[in-house]
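Note that the protein sequences, when read in sequence, are chains A and B.
Numbering-wise (the working numbering), the first sequence opens with residue 1 and increments by one.
Numbering-wise (the working numbering), the second sequence opens with residue 1 and increments by one.
Quick caveat, the hints were computed from the structure, so don't treat them as lab data.
Every residue, glycine too, gets a C-beta built ideally from N, C-alpha and C.
Keep in mind that a hint or two might mislead.
[Claimed, not checked] Restraint ranges, calculated between C-beta atoms of paired labels, are given here: (1) B/65 - A/240: 51 to 57 Å; (2) B/286 - A/45: 55 to 61 Å; (3) B/56 - A/324: 20 to 26 Å; (4) A/7 - B/278: 46 to 52 Å; (5) B/56 - A/243: 35 to 41 Å; (6) B/278 - A/114: 40 to 46 Å; (7) B/290 - A/42: 40 to 46 Å; (8) B/150 - A/212: 55 to 61 Å; (9) B/7 - A/212: 57 to 63 Å; (10) A/38 - B/267: 41 to 47 Å; (11) A/34 - B/300: 47 to 53 Å; (12) B/114 - A/116: 53 to 59 Å; (13) B/261 - A/324: 42 to 48 Å; (14) B/7 - A/243: 49 to 55 Å.
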Amino acid sequence: MITIKVSDRQRITTLRSILTNIASLFAALIAVGVVFLVCGVNPFYAIAQIFSGSFGSIYGFKETVTKAIPLILIGGGLTLAFRAKFWNIGAEGQLLMGALMGTWVGLAWGDSLPSFFLVPAMFAAGFAGGAMCGLIPAILKIKFSINEVISTLMLNYICAEFITMLIVGPWKGKTRFGFPGTDNLPDTALLNVIPGSRIHYATLILAIVSVVILAVIVYRTRFGYEVRVIGENPEAGRYAGIDFFRTSLVIMAISGGLAGFAGVGEVAGIHQYLGYPASVSSGYGFTAIIVAWLAKLNPLLSIISAIFFAGILVGGDAIQISLGLPAATVQIVNGILLVFLIMGDYFLRNQVRLVFGNAVQRKSA
Amino acid sequence: MEDVIVSVVQRTMVAGTPLLLGTVGEVICERSGILNLGVEGVMSVGAVVAFIVTYSTGDPWLAMVAAIGAGMIISILHAFASVTLQANQVVSGLALTMIGLGLSGMLGKQYVGKPLAVKMDDIAIPWLSDIPFIGTVFFKQTPYFYMAVFLALGAWFFLERTRLGIKVRSTGENPRATETQGVNVARIRYACVIIGGGFSAMAGAHLSTSYSKSWIEGMTAGRGWIVIALTIFALWNPGRAIWGAFIFGGIFVLQYLLQPLGISPNFLAMLPYGSTLLILLVMSFKDPRRLNAPAQLGEPYKRGER
């Protein structure tokens, strides 16, 4: 007779938390392997391809770092929002609004301002665009108790349609020969890249500085403390007199604004013009949700988890080419990873033991 | 002019059908206390499975059954995470959506752009379909329409008028008290999540084998999220879901109606999403106590803990 005995774990050490995460990732990779097997792909080969494609070569690693830039920015911002249990699923839209505002500033003042002033102005505008897009759901949630998951998602669709409307209509570039998209940004508005790669280092530095500041905010300031209280015990927060409205506004301005930074980076660092929403962002807003979760909502750790997931995105592109798998494969891999991370949390919170011999009473199911 | 009205109302019914199916499923699920944000993904899986089965067997009814089965199976994932593991239901639901969208994209890749030879035929109900206007609008419809309305009414009866329905509702309101009455909370929640998944997948099947006859990635186009908003609008009542779903069906049709007026199609495409926000805004002016939300919605329940 074997029974499963579950009991609460009294102390959760950091080491155990990290080991649990690593174990979850391994379990997830096995599950991903099973999915590959079912689809008739050799799982060892496919998974090896993913990691050799992203971390196995200099070229691959450069691409991984390039894709990590928006993930660090957005994932870092989401750690703050998720700490307050503000489920911001709208980073995709916030990124797009950032890209839109950045492009607008770049096109409007590109010829009259030098890079030194123009690029910061573009990032500032992008932050404002993303923050505005993030403030709407915050206002809707606190003042009108509208579920933020729905409002942020609806804004994703609205932002995407809005940008498409602009690039096929009034913003369509004269140099595009009738194809949708704005004109190319002037050279003064473009971000320099590390030679031989697509790494736009200005955004990378901005990303790392941002998450460091975020970490200080979260762990060292009164505001960061308030954010944690709101998330963990809103009742206590209310008694303590925390202003939920003000705090939520700041959280979403930061979270949306950082996604806006990412949007400017993508446009000015990579695409050089504003095109279709699906090409501006390849689902960074959604991948960043898992980045934040894997980082255990720690802004600094989101750098590492962003690099990991950027690797999966790059490796995913690699196996699309070498194994002929559809783009959606990456989404499955991401979803499975997320499921296993939540499952791992269960084993972190509870001690699960198999008890051999006579059944002791099951404490909980 | 009359023809136009008839066709608009009829298309409204067809466009509202998947929303109604999805909303009824989500109402059942949320009434048991589990928030399922995986609707969009499950709907997508339902759409692709129904398409593939219809494509290879030519039988849209078999396809519907297969889609429902697939939707139920994939929903077990959310049930396991949120009931057994007491995980965060928002995150688990999002994971289900990611997996569902990914899986459907993967399975459906080779079917993109292939039209179906057959689709679910409309059924004219004898006698009733001869009534002018009403007959054409309501009784010469896709079987999914009849089933959706029937299931919505059935779900209302089940939740409000049967003993098991009371168990489901009390599970969402106060699982601890329910358990002391000898009800197995975990079993009820599993069942409701899985049944809800079946409804979502059925909605997807309607999209790919009846509403249109093709599969493209992302064809659910946010309907799974609109469904979650409609659940609030419906005040967790499947009967009210009927109104909500067909109002939104009308908004989907409105897009095509307004297009000839020279309004940007992208602007019109925002309509359903903007309306969703608007409707939630209107709902927020209601007294929250009368909103009827299940008290323990989204809260994990751990047995034997106080």
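Now for the hints, and whether the structure bears them out:
1. B/65 - A/240: 51 to 57 Å: Given range 51 to 57 Å: holds, Cβ gap about 55 Å.
2. B/286 - A/45: 55 to 61 Å: Holds: the Cβ-Cβ distance is about 56 Å, inside 55 to 61 Å.
3. B/56 - A/324: 20 to 26 Å: Given range 20 to 26 Å: holds, Cβ gap about 21 Å.
4. A/7 - B/278: 46 to 52 Å: holds, 49 Å
5. B/56 - A/243: 35 to 41 Å: Violated: the Cβ-Cβ distance is about 59 Å, outside 35 to 41 Å.
6. B/278 - A/114: 40 to 46 Å: holds, 45 Å
7. B/290 - A/42: 40 to 46 Å: 58 Å Cβ-Cβ, so the 40 to 46 Å window is violated.
8. B/150 - A/212: 55 to 61 Å: Since the Cβ atoms of residue 150 of chain B and residue 212 of chain A sit about 58 Å apart, the hinted range of 55 to 61 Å holds.
9. B/7 - A/212: 57 to 63 Å: Because 60 Å falls inside the window, the suggested range holds.
10. A/38 - B/267: 41 to 47 Å: holds, 42 Å
11. A/34 - B/300: 47 to 53 Å: violated, 27 Å
12. B/114 - A/116: 53 to 59 Å: For residue 114 of chain B and residue 116 of chain A the Cβ distance comes to about 54 Å; the hint holds.
13. B/261 - A/324: 42 to 48 Å: For residue 324 of chain A against residue 261 of chain B, whose Cβ atoms are near 44 Å apart, the range 42 to 48 Å holds.
14. B/7 - A/243: 49 to 55 Å: Holds, at about 53 Å.
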